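K.L.:
Chains A and B, in that order, give the protein sequences. Note that our numbering has the first sequence beginning at -10, numbered continuously upward. Note that our numbering has the second sequence beginning at 2, numbered continuously upward.
Keep in mind the hints are simulated off the structure, nothing from the lab. Possibly wrong hints are sitting among the right ones.
Unchecked claim - Away from chain B, derived, C-beta distances all over 12 Å, residues of chain A:
id, residue
1, Pro47
2, Ala48
3, Gly127
To be verified - In silico contact screen, one side only, chain B against chain A (beta carbon under 10 Å); selected entries:
id, residue
4, Trp26
5, Pro29
6, Phe45
7, Leu52
8, Arg107
9, Val110
10, Ile113
11, Phe115
12, Ile127
13, Ile131
14, Met132
15, Trp210
16, Val262
17, Gln265
18, Phe268
19, Ile269
To be verified - The calculated label-pair distances, taken between Cβ atoms and stated as ranges, are:
id, chain 1, residue 1, chain 2, residue 2, range
20, A, Val73, B, Leu52, 26 to 34 Å
21, B, Gln65, A, Leu44, 45 to 53 Å
22, A, Ile191, B, Gly181, 45 to 53 Å
23, A, Leu44, B, Ala58, 50 to 58 Å
24, A, Gln37, B, Ile189, 53 to 61 Å
On a predicted model such as this, the values are computed, not experimentally measured, just so you know. Even for Gly, the Cβ is constructed at its ideal location relative to N, Cα and C.
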Amino acid sequence: MRPRTLTAYGFLTPYLLIFLAFWVWPIISSFWMSFLNTRRLPWTFAPQANWGRLLVDPAFANALKNTLIILVVQVPVMIALATVLAVLLHSPLLKARGLFRFAFFAPVVVGEVAYAAVFRLMFNYEFGIINKLLALIGIAPISWTSNPTAAMALIIIAVTWRWAGYNAILILAGLQSIPQDLYEAATLDKVSKTRQFLFITIPLLRPIILFCIVLSIIGTMQLFTEPFLITNRGGPGGATETLGMLLYRQGFLSFNFGYASAIAYTIAAIAMALSLLNMWAGKERR
Amino acid sequence: MPSFTTRTGRALALHAVLLPLALIWLFPLWTMFVFATLPDDGIFGSAIQLLPSTAFADNFANLQHDTDFIRAMVISIVVASVYTLLSVALTSMAGWALARYRFIGRTAVVGIIFGTITLPYFVVVIPQFIMVARDFNMANSWFAPIVPPLFNSLGVLFMRQSFTMLPEEVFDAARVEGIGEWRTFFHIALPMTRPTLAALSIILFLHSWNNYLWPLLVNSRPEMMTAPVALGSLIGLTKVSWGGIMVGAVVLTAPMLVLFVALQRHFIAGISAGAVK
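Bound-form chain A, shown alone:
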C-alpha cells in the first residue's frame, strides 16, 4: 500500500460525491425533518407533531404490530428452512444438483413486481389456482385477501418463497467453506454423522446464520411491495399494512415528510436494536 492521499481521493471522488449527495445529506436531512411540522408551509420546529403523534397514532400502532408479527413468524421459519435446504443441497448423495439449485435459487432473480403479480393471481379467491387445488383435497376456498389472518399468511408465504433460496445460497457458501479434514478427523475418531453435524457444522455456521437473520430483520422491517401489490395497499382494511406501507402513504401520498421521516427513523432504530439483540444472544459464550 502506498501513501498517496491525492491519488487515492482522485479514485474515490466520484463515489464519495454520490455518497455525500444521496446518502450523507439525506440521513441528516430526514433526521432534522422528523422534528418539523411539515403539514403546512412554512415548516416549523415542532417535535411533538411527529414524535408525539407516533405514540398516539392507531395507524402507526397497527403497522408496527403487523410488521413485528410478520418478523417474528417469517424470519425464524425462513432461516430454519434455508438452513435445511442448504444442508440438503450440500449432500454428496444429491443427484440432479443443478436442477434442485435452480428450483430454490431462481426466486432470487425474480423481481418484486413480477412475483407479487403471480402470487396475487394464484391466491385469488374465485379463480386462483391455490383455492382450486385446496378444493381437490376438500378444503373450502380461503379468502386470502379479505380475511385478515389469511392475508397475513399470504404475505408470509410470499416472502418466504422469495427469500429462502437467497439465504440458502449464503448458508451453502458457509458450508462449502468448512474444511473437509475436520469431518475426516471426526470420522477417524468414530464420531457419528449426527454428532458431527451438531458439533462441527452448526457451530461453524453460526456467524453466517446470524448474518442471514440480521439481513432478514432489516429486510422485513422495510417490507413494502408485498402488502402494496399482493394484498392491495395493506388490505383488507389495514390488516397487512406494514411500517413501510404507512411510510409510503404518509410520505408520498399525503406528502407529510416530517411524519414519514419519524417513521423511517423508528424503522431504523427497531432494526438496529433487534439486530444487536440477536448478535448478543447468538454470541458464543464459554
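Given the coordinates of chain A, assemble chain B onto it according to the supplied hints.
P.N.:
Same frame as chain A, but now just chain B:
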C-alpha cells in the same frame, strides 16, 4: 452390504424430501408461464390449468393495450445498462483506492461505508425524493432512476477485497516502469479482476432491473415508467387483462432466469460476496 443399503436409503430420503419442496418452489414460476399463455376463459374458468396454451401473443397485445410495455422495457434496458456501467466504474475505482493506497481518512471512509450496510433505505428515500423531484426538478427523467441509486456499499467492499488479493509485485513493477497510477488501474488491475467484475455487473444489473419503489416514486409518468412500474400500475385495476400481466411478468423474469442459468457461478459469487469474508 449394510453400508450400501443405508447409503441408498439416505439418498432416497434426501430426494423424497427435496423433490416435493422443489416442485412447490417451481410452481409459481410455472404458473406465471402457463397463465401468460392462457386465454381469458382459461384464467377465469373453474378448471385447473397446469399446461400452457397458445394465447401468449393475444395476451401480449392486451398488455400493450393496457400500458405501453414495449416502451417501458426499452427504458428499463437503458436504465439498467447505464446504471451498471456507471456503478461498476464508481465502485471499482473506490475499491481500488481503498485496497491500494494509504491515505488520510481511509479508516473513516471504510467505517462509514460498512456502517451504511445495516441502515434501512427508508432513512434516505424521503430527502432523495425531495431533492430529485422538487429541488432539481428531475422527476420523470433519465437521471432520476439512474444516479441516486448509484451508491453501493457491498460493491465497493467486494471490489476492494478482490484488488487486495492481486499480487503487489505486479504494481511495483508497473511503477518502476514509470506507468502512471490511472493506467495501472485501467490496463493492469481491472483486467486482472474480470471474474469479480462479471459477478458485480450481474448483481448490479439485476438490482436496477428489478428496482421498484424508487422508480415508482420518481418516474411515475407513463412516458418514463420503467417496466416494473408499468406492470405494477396494472395490478389491482379492475378492467385489466390478467393474461397480459402474466406476459409482462414473464418478459421481465425470463431474461434474468436465462442469465442465471448461464452464469450461475457468477450470480452465486456475487450474492454470497457479502457473507463470506
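K.L.:
Can you verify the interface hint for phenylalanine 115/B: is its Cβ closer than 10 Å to any Cβ in chain A?
P.N.:
13 Å, violated
K.L.:
Answer holds if the nearest beta-carbon of chain A is closer than 10 Å to that of leucine 52/B; otherwise answer violated.
P.N.:
Because about 12 Å separates leucine 52/B from the closest Cβ in chain A, which is outside the 10 Å limit, the hint is violated.
K.L.:
Is the Cβ of glycine 127/A more than 12 Å away from each Cβ in chain B?
P.N.:
15 Å, holds
K.L.:
Tell me if phenylalanine 268/B is really an interface residue toward chain A, meaning its C-beta lies closer than 10 Å to one of theirs.
P.N.:
7 Å, holds
K.L.:
Can isoleucine 269/B be said to touch chain A, with a Cβ gap under 10 Å?
P.N.:
With a minimum Cβ separation of about 6 Å from chain A (threshold 10 Å), the hint on isoleucine 269/B holds.
K.L.:
Okay, leucine 44/A versus alanine 58/B on CB: inside 50 to 58 Å?
P.N.:
Since the Cβ atoms of leucine 44/A and alanine 58/B sit about 56 Å apart, the hinted range of 50 to 58 Å holds.
K.L.:
Less than 10 Å between beta-carbons is the criterion; does isoleucine 131/B satisfy it with respect to chain A?
P.N.:
OK, holds: isoleucine 131/B within 10 Å of chain A, min 7 Å.
K.L.:
Let's test the interface hint: is any C-beta of chain A closer than 10 Å to that of isoleucine 113/B?
P.N.:
Holds: closest Cβ of chain A sits about 8 Å from isoleucine 113/B, inside 10 Å.
K.L.:
Quick check on arginine 107/B please, does its C-beta sit within 10 Å of some C-beta on chain A?
P.N.:
7 Å, holds
K.L.:
Would you assess whether proline 47/A, listed as outside the interface, keeps its beta-carbon beyond 12 Å of every beta-carbon in chain B?
P.N.:
Nearest chain B Cβ is 21 Å from proline 47/A, so the label holds.
K.L.:
Taking the least C-beta to C-beta distance, is valine 110/B closer than 10 Å to chain A?
P.N.:
7 Å, holds
K.L.:
Hey, does the proline 29/B contact hint survive, CB to chain A under 10 Å?
P.N.:
Since chain A brings a Cβ to about 5 Å from proline 29/B, closer than 10 Å, the hint holds.
Hint check: violations occur at hints 7, 11; the rest are consistent with the structure.
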